[in-house]
Each structure stands twice: as structure tokens, then as C-alpha cells.
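Enquirer: Each chain, letter by letter, is given below.
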Amino acid sequence: DAMVIQNPRYQVTQFGKPVTLSCSQTLNHNVMYWYQQKSSQAPKLLFHYYDKDFNNEADTPDNFQSRRPNTSFCFLDIRSPGLGDAAMYLCATSRDFQETQYFGPGTRLLVL
Amino acid sequence: SQKIEQNSEALNIQEGKTATLTCNYTNYSPAYLQWYRQDPGRGPVFLLLIRENEKEKRKERLKVTFDTTLKQSLFHITASQPADSATYLCALDNTDKLIFGTGTRLQVFP
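Listed in order, the protein sequences are those of chains V and L. Residue -2 in this note's numbering sits at position 1 of the first sequence, and the numbers go up by one each step. Residue 330 in this note's numbering sits at position 109 of the second sequence, and the numbers go up by one each step.
Because the hints were derived from the structure by calculation, they are not lab data. Warning: the hint list may mix true and false statements.
Subject to a maximum C-alpha distance of 20 Å in a straight line, what follows is the list of computed EDC-like cross-link-like pairs (lysine to aspartate or glutamate) [unchecked claim]: (1) L:318 <-> V:48; (2) L:318 <-> V:54; (3) L:318 <-> V:93; (4) V:49 <-> L:317; (5) L:224 <-> V:54.
Partial list, computed: chain V residues near chain L (C-beta under 7 Å) [said to hold, decoys possible]: (6) 39; (7) 40; (8) 95; (9) 101; (10) 102.
Note that the Cβ used here is the ideal one computed from N, Cα and C, for glycine as well.
Given only the sequences and the hints, what does the whole structure look like? Please build it.
Expert: This is how it looks when you write it as C-alpha cells:
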């Protein structure tokens, strides 16, 4: 089945230790998004790619970076995780803007 | 400022009844609105999309309305079942992205 896959499902890292979360899709969608979601809060968009074009949200901290080496894969790099970065990180794809988004299962990040 | 509001308190209803969830927004003019379901520890799953020129959309037991004058969408689940228990998020389009509400938790008890 075509889908959005996120690995790992759970990630534990230490304060200040760089961590990378990965997302892959078999939908061949043009757009890939990364969201941060904290408990009982709305998913908050961090950035998105339309193909290779990167768009960073204005309030996304510099600590968060992303890479999209090809259509299928997108990575979220947190350079120096702080305690406040503990959250669920959701990857989503859509064929184009203003279309339905398909979400992965998420990666729950714990920062010790 | 722009705002999307969904009832933060959980909605508890009895099996078989109709659940109605509300999404209100201010200072947006969305061309469309989407509803997603999110189970604990999982990513949101798309349910329905309604465009600004559509008053109502149905899919099986689900119905969505969109009133651009009131700036409100209502999401109905008829003949609700315990399996419908989840958090339901509304999302508005904002040019090249979606803006999500915080969601309303629905609990359907037997």
C-alpha cells in the first residue's frame, strides 16, 4: 500500500545531542511537510518542500533543519535538542498545495 | 489576529446519538476546510474536504457544513459508535499550507 513512513516511532536523545528523524513516501507526492505537535495542541508546521523548493515557517527555530535528497525521502535534523523540543513530529505529503495531506504515524521525541 | 477555535473540552455522547463538533475561525478567508481524525499517538487521517462554495458534504455517517458568513464549520457523526472515539481536527487552507485547530476529543460510550 502507498503510504508515508516515519522512522523511528520513538526516539530518545540527550539534551544538546543532534538527532535526525526520517520520513519516506511511496505516494510520489510533490509536497512534503514537517509538523511539531505537543500534547493537546494543534500540529504546528515547521517547514515544507515543494519538490526541491524549501519553505521555512517564519517562527521555526534555527535549531531545526530539513533535507530532501529525493522525491521519496525527507529528513528533520534537530541540531541541539532542548527539553522544549520533546514532542510528536509528524511528516505529511500532498500531491500539490491545497490538496489532502497524508500523514505518517509520527515520531515521538523524548529529550533527557 | 487569525484564530481557529474548536471546543477544548471533550464531547461525551452515548452510542447511537449524533455527535456535532464545531470549528470557528476569525480573520481567515479559506477557500476550503478539511476535517481530520487523530487517534492517540498517531498521525491525523483525512476525513472530508469542503469548499467555500459548498454548503454541505456527506460521506457515509459523516456530514460537514461550511458557513463562510458565520465563519464556522460543523462536523456531524450520525449513529455514533465507540470506535468513533478520537480527536477531530479542523484545518483551513492558507495559501500553500493548512492551519490546524487544536481539535476536539470525542468519547462515545456504550
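Enquirer: Indicate, hint by hint, whether the structure satisfies it.
Expert: Results for each hint:
{"no.": "1", "hint": "L:318 <-> V:48", "verdict": "15 Å, holds"}
{"no.": "2", "hint": "L:318 <-> V:54", "verdict": "10 Å, holds"}
{"no.": "3", "hint": "L:318 <-> V:93", "verdict": "10 Å, holds"}
{"no.": "4", "hint": "V:49 <-> L:317", "verdict": "15 Å, holds"}
{"no.": "5", "hint": "L:224 <-> V:54", "verdict": "17 Å, holds"}
{"no.": "6", "hint": "39", "verdict": "4 Å, holds"}
{"no.": "7", "hint": "40", "verdict": "5 Å, holds"}
{"no.": "8", "hint": "95", "verdict": "5 Å, holds"}
{"no.": "9", "hint": "101", "verdict": "5 Å, holds"}
{"no.": "10", "hint": "102", "verdict": "5 Å, holds"}
In this structure, every one of the numbered hints holds.
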